[in-house]
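A.B. asks: Let the hints inform the model, and build the full structure from the sequences given.
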Amino acid sequence: MWRGLTPGLAYLNTARGVNPIVEKLPFNLQERWVTQGSRYKEDYKVAFPPFSFFVQFICNQAKTRNDPSFAFSSSTYSNNQRPDRAAKFSNKPSVFVKKTEVSAIAPSSLNNQSERKTDEPDKHCPIHNKPHPLFKCRTFRNKHLDDRKAFLKENSICYRCCASTRRLAKDCKLSVKCRECDSDKHISALHPGPAPWSAEENKCELEQNRVEKNDTPFNVTSKCTEVCSNSRQPRSCSKICLVKVYPSNQREKMRRVYAVLDEQSNRSLAKSQFFDLFGIESNSSPYTLRTCSGTVETAGRKASNFTVESLNGETTVMPPTLIECNTMPDDKAPVADKIPPPDPSAQILLLLGRDVLSVHKVREQHNGPNNTPYAQRLDLGWVIVGEICLDGAHQPTDVNVYKTNILTNGRASYFTPCPKSIHVKEQASSQSLQYLPDVLCYSGPSKGFSTDTSCIEDGVFLRTADDEKTALSIEDKLFLDLMKKEVHLAEDNHWVAPLPFRSPRIRLPDNKEQAKHRLFSLQRTFQKKPGMKEHFFDFMQKVIENHQAEPAPPLKPGEECWYLPIFGVYHPQKPEKIRVVFDSSAQYSNISLNDVLMTGPDLNNTLIGVLLRFRKERIAITADIEQMFYCFKVKEDHRNYLRFLWHKENCPEEEIIDYRMTVHVFGNSPSPAVAIYGLRRTAEHGEAEHGTNAKEFVLHNFYVDDGITSVPSEEEAVDLLKRTQEMLAEANLRLHKMASNSATVMEAFPPEDRAKDLKDLDLNADPLPLQRSLGVSWNLKNDCFTFKVSREVKPFTRRGALATVNSLYDPLGFVSPITMHGKALVREFTSMQQEWDTPVPADKRAQWEAWTTSLTDLEHLHIPRQYVPVTLSQAHSKELCVFSDASVLAIAAVAYLRVIDSDGQCHVGFVMSKSKLAPFPAHTIPWLELCASVLAVELMELINGELDTELRIKFYTDSRVVLGYIHNTTRRFHMYVANRVTRIRKSTTPSQWHYVRTDLNPADHATRIMPPAQLHLTNWFSGPKFLTQPDAPEDTDAECFQLVNPDLDLEIRTQVTTLATSIANHTLGSDRFQRFSSWKSLVKAVVILTHVAKSFSQSSRTERPVENGITAQGLAHQNTHKQNLQLSKLCNKMCTKTSSRA
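Here the sequence shown is numbered in full-length UniProt numbering, starting from 1 and rising by one per residue.
Any given hint could turn out to be false.
With a straight-line cut-off of 27 Å between C-alpha atoms, the simulated DSSO-like cross-links for lysine-lysine are [what the hints assert, rightly or not]: (1) 794 x 823; (2) 1025 x 1080; (3) 823 x 878; (4) 512 x 361; (5) 130 x 722; (6) 130 x 756; (7) 794 x 577; (8) 529 x 574; (9) 153 x 170; (10) 244 x 361; (11) 556 x 516; (12) 529 x 577.
Everything labelled a hint here was simulated from the structure, so no lab data went into it.
In this text the structure is predicted, and so the values were computed from the model without any measurement.
C.D. replies: This is the structure:
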């Protein structure tokens, strides 16, 4: 049936199909095949044995040679093999496989000594001519051991270290060690057998190359001292010894137990049976047990004064206090003849941790091949670690059942939950939730996302410092998943990454005609610019010579491809160096290559962050990765999407043919993300060998391909650069163009690794030139930043003025007072309703030319690179002081680092500033001062987030109105002020804000027009003088600032006071009536009071004396009827009110 399905494999039934396979077999197996094949031809009268017979022959031979019954302890070697060589390579496979494959490396690069560079093989691979060492080359490691030795001999490379051509192995004094077998006789690159690449990398290489690799296998022999039963699982051994245990000075109570030796345990443990065996009765003491399954609080007995003795009695140890614990592994079995026979009466009762350090020391060790057990001799006896009986199918006689409990929080644990636990859950009220933003709460994989506010108890609404940062998009996460899955190291030590296509996507059309049109246009440009043509062809020659581009193979029918138009660009600072850009954004039929590619996340560090960290320590270093984008290969089946048209063999007279790039090109939107991902992957890959600080240097102090950092000493700088250089070289990333403010650091590297203008320099005599680091001019000799002003005169138009202001590159705001004046002028020009290229009115020219002419004074400024002349890691106190100010022109904030060293000396250094033009029409001054305070908070967050240093933060402003706003807790503001006060108090506390006089506030300079020549005369770079005092009065200023004229401040909401007026009806009171004995006497008293009141009232109106005396006759003549009636009404009213209350 197979013949009908696969007729193309019929040639395997002939000598042409089988003989190439036979040639790979060992010589003795070839002879056996000749014998059995000839016999088959004679018996069956056929021209050649069928392939099925050959397969059966191989299976029989494999079965015979892997039969453990015939595995001997000593290997048998051929007579012509030297015994000492056999002893030296005792772990070499007994079966030699002659592997036949087509090499992807040109023979000239392997054998032609004259075409290779003379670099030592520890820095430059002689196989690939790449900057990775030979002993890290995967192609070299994948070769057979004999081929590797032949290559070393042919190229006169040391057999011992593979790192030098200047000495023989017998003269090599380097200490070497194999990471695979721990041998000190050879390095890992010369280890016999296949390379130990991970399964994932092998899988990626198989998918990439589509070729099955036949590596030399090991003959693994498993020896067991017992006949295995029906166990289905391999026996995995740990360190366990049979020992004698007895109380100190009571040897008669000795017991034999098994002890587990666990160096990961910080205390020694014993099971409950151990305590019962020796009759130990003590109170249980609580302790915390931390395992992989969680942390639990438990209790147990303690025992001390015990002696642990080896079976032969040669070693005795006295462990410290033993703690009772029953969660110890309990699985023992006989494994080897050097181990004492299993003692059924002895149980596993002890676990000796690293508090008994002597029992863990390895006195002797026997290693086997990879993935096989190994034996160690400890003071307590021999132990075997690893899986035993690898080939059998076994059934254990004992079954261990592990019970897993699910806690109330959803976490799995081996420990039983407490049945008496309670769960308190508080439901948030609607009033407390109405101010919370709408969020989606994740309730687990079964429920997913919901708006159930009960998840507030799990901290879903908890705010963190990263809440305002930009998160990854879904496409960014897909990009990272794709890179993690498919990026791998090729045999030539290059990282290989695919083109990250979107899914789904539109099929790309054939745009070859567009590429032809663009190339013809480029050729017409060459006719006008012959210099550009020369630079262009030189660039392409390097690309082709470095195998970054290759002639494209013919396309298959219907195969998708894309042609990239090319053009050249020049850097303004490098007019003699061109960069060829592949225009991946060029559209054809309304689609381009970048349209179907995922851009990827922004993995780059921030420019400001890298510059801020560059200024921390005394020794500064810079370096660059050579052609970083072209160091990362493109997956081979994606290279047809990077086709382009160019002259054959880079000769202008030759015909135009199809080329394709083999690397990620400058112009593809995902290329920066791919390059930075590969760079970070290299750092992660090399951390174990080259150190964590080398990885941190790459991860946090590189901006694209430029690395800049600072360290405390020259020794640290040289060590860091060399280790980083070696780490990156393993992935063919060459770190060069090194520069430093220390001549000692630069002298540690060869001239070809230094910056271009430092290669031919005498570092001890010649002056150090100016360096540009991420666009900032750095004077190496004085270790300070300077400014280089362009002398190019631009047109006096809106466009020309904007270009002039933008040419003054100042990312850290060193000259914000100067750039602010230029920005104000540009805004004034922009407010005019004119075209961008229309000349600005002549009346503005004088003002503009005065400012542009004054810029030359900036070249005399020198800003120290290092913040303060002390190491921050050894400083006694570190403070970040931020000042803010505002005017009708602009708002500004400036930060200073205030450091007190161990001697009590105070140092202040300029860190960074920010300024912004005030809006037009202008706000009120309190509004602008408040906005400046917000700008100060943002500046603090930026600096504090980028500097890896813990700082105490202080803020200063000269506006008492703003300080009152920040300290206020009772009065209400209008929304404009309230929003900004909330932003300030979100990141700071009122106690961090202090008042400073305007004449001492350095931020005031950035809000006013100032000539560059006067900038160094102010406190802009040095900060106010009170910062230099170790005990500044502002340090203890805890004043609580009140609102300034809150009743007149329009930003404070007016308080309305309502006064209510009520008229009280005062009466004589019925309680007074009880004092009279009769109604008549009561009426008489009221009549008298009425008369007196009227007399006083009449006296005040007429200002004449009134007779106050009243005689009986006068009273008798008074009309008492009116008083009787009023008293009756009053009594009736009081009685009615009393009854109503009742």
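A.B. asks: Taking the hints in turn, state whether each one holds.
C.D. replies: Now the hints, each set against the structure:
1. Taken as a hint, the residue 794 and residue 823 pair is honoured in the structure, with Cα atoms around 16 Å apart against an allowance of 27 Å.
2. Distance restraint check for residue 1025 and residue 1080: the Cα-Cα separation of roughly 93 Å exceeds the 27 Å cut-off, and the hinted pair is therefore not satisfied.
3. As the CA atoms of residue 823 and residue 878 are separated by approximately 34 Å, the hinted pair breaks the 27 Å bound.
4. For the proposed pair residue 512 and residue 361, the alpha carbon gap of about 70 Å is over 27 Å, so the pair is violated.
5. Pair hint residue 130 plus residue 722 holds up; C-alpha atoms about 17 Å apart against a cutoff of 27 Å.
6. In summary, the hint linking residue 130 to residue 756 is supported, as the alpha carbons are separated by about 20 Å, within the 27 Å threshold.
7. Restraint check: the Cα-Cα separation between residue 794 and residue 577 comes to about 24 Å, which is no more than 27 Å; the hinted pair holds.
8. Proximity of residue 529 to residue 574 is assessed by CA-CA distance (about 17 Å); at most 27 Å being required, the pair is judged to hold.
9. The hinted pair formed by residue 153 and residue 170 meets the criterion: a straight-line CA distance of about 14 Å does not exceed 27 Å.
10. A hinted pair counts as satisfied when its Cα atoms are at most 27 Å apart, and residue 244 with residue 361 qualifies at roughly 19 Å.
11. Restraint check for residue 556 and residue 516: satisfied, since their Cα atoms lie roughly 21 Å apart, inside the 27 Å limit.
12. With a C-alpha separation of about 14 Å, the suggested pair residue 529 and residue 577 falls inside the 27 Å cut-off, and the hint holds.
When the structure is compared with the earlier hints, violations turn up for hints 2, 3, 4 and for no others.
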